[in-house]
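Residue strings, one per chain:
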Amino acid sequence: MTDDAQFRGWVHCGTVDSIPHGADRRLSRFGIDVRVTSNDDGTFAGLFEDGRRLTKGVRVVGGVIFLYHAAPADTPGAEQPIHGELVKLLESHPIHRSSEEYVSPTSVISSSDNAVDVAHFPTVHRSAISSIGAVSWKAADDRFEITTDNRVRPFGMKAVFRYTSFDAYNSLANNEVGLTRTSWQLGLGAPRGDGTTDVLLITGHNTRTQLHARCADLTMRLGARRARREDNPIWKRQTYLPQPQLSDADGPILQFRKWRSRFAETIDATDLVARSTDTEKGQYA
Amino acid sequence: MNESSSTGLEVPEIASPPEHSVVHRGWVQVALSKEVRRNKVRTVRRFGNDIVIARLESGRVVAFDSTCPHLGAHLGDGDVVGECIRCPFHHWQFDDKGDVAHVPNAKRLPRRAKLNQYHLTELGGVIFMYQFAADAGADAVPPPLPEKVRSALSNTSGRVRSFRRATIPTTIAEVAENAADSAHFLPVHGKVFRNIEPMTHRLEGESILIEANANVKFRNMPTKVQLQFFDPYTSITTTQNPMSRGSYLMALVAPREDRELEFLLMSDNENKIPLFDRMMNLVFARGSVQAADADLPIWANKVRIDRPVLSDADGPIMQFRKWLKQFEATAP
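Top line first, the protein sequences correspond to chains P and S.
Going by this note's numbering, the letters in the first sequence line up with residues 1 to 285, in that order.
Going by this note's numbering, the letters in the second sequence line up with residues 1 to 332, in that order.
For the record, the hints were derived by calculation from the structure and aren't laboratory data.
Accuracy of the hints is not assured; some may be wrong.
What the hints assert, rightly or not - Quick list of in silico lysine-lysine cross-link-like pairs, DSS-like style, CA-CA up to 25 Å:
| no. | chain 1 | residue 1 | chain 2 | residue 2 |
| --- | --- | --- | --- | --- |
| 1 | P | Lys158 | S | Lys40 |
| 2 | P | Lys236 | S | Lys114 |
| 3 | P | Lys236 | S | Lys40 |
| 4 | S | Lys107 | P | Lys138 |
| 5 | S | Lys107 | S | Lys34 |
| 6 | P | Lys281 | P | Lys158 |
Because the structure is a prediction, the values reported are computed rather than measured.
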């Protein structure tokens, strides 16, 4: 499974702020040319040729424009709702919120694998993370969640990193340390169709003061940029291995891939609703 | 199958299998020794794949497939730790056999994680990799480099040597066969040759030796050209004329992609008149690249014909093809 396009789900088309009234924005999603238009009445429309794969125009939630990517066999109009927690965070009003768009040189599946690949934190991101401690994960019907206790530089502070995947494309990260203890970051990935990903990072801060929020925001932005700089050289030449050789020091990579496969095209869309709500859990010392 | 045309001539048969499905066994140059420094990793492209070459702390050179079997990182971005190559992603270390030797924080080593290793030999400043056939088996041992090649590479005393590299968009079969095609020298390389006599050839062990007497344009100088192919990738050309002074040109040809060859040309000369002999090397190597440049427009558009219609003015093309066939092997 190497192709992002095999997964159903809502993918972002940027923010409403990125398209002035009456203008449009051209994007590529799954190799399909998409034109998102900002109408004079404040609504948005999406124009694209392949109406089977990208269905029902666009939806705007909390200032973010989304398109639904369906499987060819899906019944028109049978798309799943946008994840409730994603909607809640996008529509929330934190004391400070910022967004940033960039192109990642890898696929959505490789970059989301990366978030649960805890063993690379102290090697690739050794400038920030000195070691990792306990790792726990939970695969529920509506989310995959992994929590890692990290030791971060420069003082070896304990930092709890929590990553929650809502579907194949959208996720939430919390890094509970220092200034960013009450901050959250949504990572919205949208496959362009050429093996790269349009990423939209939205960061919110529920702090007491604007100054605290802005400092936390700066810390998170700089941290995310540095992490990107460290990951990009690996991603540019990485090969996706469907059957990797793992060790007992690796995170729950295969468990995450198994959970994500519920969004794969090969599974009937109605099965997503009917699927068992059993929860799988795991822990690493 | 061949068909007969109305003129009674046999219609040439266009090659049926695509050329990229055929590889040839043999030693292929991958780098100059000086390009693979101690404790460094270098990536080269051979047969459509990335191959990483590393010189370990002991000075030994090793080569592996570039993809880490753990999570697919490119080992060319990694480094050398002692006698191991280290993946840049999770710092897994692989020893000189490609076996996993260290995994940070792991209680047990995942023994199934192993790198595919290539056989290397290093001689005379050149690193060679052996290309096996698909059915060679994991324990296959490559033969030594041909004796004449070993001898030429080892003999450096009193000689001056220079290397030149070029990338040419064609296949190994086209380039090799070109040397036996005596009839093309005047039409295509008329800037160099005034005339060329019919070629002779003979087999020497696994190698083929092609000889011809020619007159080059420069002062109408009579020149005896001897070209010996040891395998599809390695040949030595010697020219005997009043200016050649024991010089020879070793052409080490390595397929990077289906239709992309990397030439490493080594010119070697007696070093009696240093400046003159160095200049001769330069002229020799540059001349070879220019000769290939003249061939390029033809190679770009020509179709390989399995059974060409030949005349008595052609060189030993079919004999050369028969010789080349002994190296053919299915792609691993």
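Quick rundown of the hints versus the structure:
1. Taking the CA atoms of lysine 158 of chain P and lysine 40 of chain S, the gap is near 35 Å; set against the 25 Å cutoff, the hint is violated.
2. Using a Cα cut-off of 25 Å, the hinted pair lysine 236 of chain P and lysine 114 of chain S holds, with the two alpha carbons roughly 23 Å apart.
3. For the given pair, lysine 236 of chain P sits about 20 Å from lysine 40 of chain S by alpha-carbon distance, which is consistent with the 25 Å threshold.
4. Distance hint between lysine 107 of chain S and lysine 138 of chain P is fulfilled; the C-alpha atoms sit about 23 Å from each other, no more than 25 Å.
5. In summary, the hint linking lysine 107 of chain S to lysine 34 of chain S is not supported, as the alpha carbons are separated by about 39 Å, beyond the 25 Å threshold.
6. A C-alpha spacing of about 23 Å is found between lysine 281 of chain P and lysine 158 of chain P, which places the hinted pair at or below 25 Å, so the restraint holds.
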